[in-house]
Amino acid sequence: SQQGEEDPQALSIQEGENATMNCSYKTSINNLQWYRQNSGRGLVHLILIRSNEREKHSGRLRVTLDTSKKSSSLLITASRAADTASYFCATDPQGAGNKLTFGGGTRVLVKP
Amino acid sequence: NAGVTQTPKFQVLKTGQSMTLQCAQDMNHEYMSWYRQDPGMGLRLIHYSVGAGITDQGEVPNGYNVSRSTTEDFPLRLLSAAPSQTSVYFCASMGRSYGYTFGSGTRLTVV
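Those sequence lines, one after another, are chains U and L.
Residue numbering for the first sequence is 1 to 112, as defined by the numbering used here.
Residue numbering for the second sequence is 1001 to 1111, as defined by the numbering used here.
Isolated chain U (complex conformation):
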């Protein structure tokens, strides 16, 4: 079973708009990570947020984490056509020894 579940499954926006996607998970975690996958490619690590952090920024990316609700969100600001990809959250469960568990992903389409 998958630890993380992303919402929505798909998202279509215009270039310049913001894109927000959410991730919910089931068990306690050490950290939560977000990855991007362009069509037909491997995953690329975007950002990691630790369980004792609430918000983190990296360029146009903003990640929040609410451990009480077991949820996280990824915001991409001022989206570009190049941001078109699938985005996955991955959780590092406590006591699992870095066994990252991935959600089903959110497919984002940024229209020019």
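Read the hints as simulated data drawn from the structure, not as lab findings.
Any given hint might turn out to be false.
[Stated by the list, open to error] FRET-style restraints, in silico, Cβ to Cβ:
| # | chain 1 | residue 1 | chain 2 | residue 2 | range |
| --- | --- | --- | --- | --- | --- |
| 1 | U | N52 | L | T1015 | 47 to 53 Å |
| 2 | L | G1053 | U | R60 | 41 to 47 Å |
| 3 | L | P1008 | U | E17 | 36 to 42 Å |
| 4 | U | T77 | L | S1084 | 40 to 46 Å |
| 5 | L | P1083 | U | E55 | 41 to 47 Å |
| 6 | L | S1018 | U | Q14 | 36 to 42 Å |
| 7 | L | G1040 | U | G16 | 36 to 42 Å |
| 8 | L | G1016 | U | A78 | 32 to 38 Å |
| 9 | L | T1020 | U | E55 | 41 to 47 Å |
[Said to hold, decoys possible] Some chain U residues near chain L, calculated using beta-carbon distances under 7 Å:
| # | residue |
| --- | --- |
| 10 | G42 |
| 11 | L43 |
| 12 | H45 |
| 13 | I49 |
| 14 | F88 |
| 15 | F102 |
| 16 | G103 |
| 17 | G104 |
| 18 | G105 |
[To be verified] Part of the chain L face toward chain U, derived, beta carbon under 7 Å:
| # | residue |
| --- | --- |
| 19 | P1039 |
| 20 | M1041 |
| 21 | F1090 |
| 22 | G1099 |
| 23 | Y1100 |
| 24 | F1102 |
| 25 | G1103 |
| 26 | S1104 |
| 27 | G1105 |
| 28 | L1108 |
Bear in mind that the values here come from a model prediction, so they are computed numbers and not experimental data.
We put the CB at the ideal spot given by N, CA and C, even for glycine.
Mind docking chain L on chain U? Use the hints.
Structure of chain L alone, referenced to chain U:
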């Protein structure tokens, strides 16, 4: 170029055949994993290794074997291929700083 190298990129097998998917990393990472990705889905962990000589099962290990004789290499063996193993396989490694580095994947079709 530093990174994770997977070979082959594409493979077609007949049911019952065996094969080995190769994975090599040149970053001296201790942690390596194999995932499979089915269409429209996320990644599921097959096997992982925390260092040379140490491997363990993930979520979907049946039908696959691994070994880790060196830090660099982590091959995945399909013992007797089945159509249910048609998938894209990703190898990934992680060093002391968090965040996986993924290979470009092997697209496997079992007919």
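Violations among the numbered hints: 6, 7, 8, 13, 19, 28
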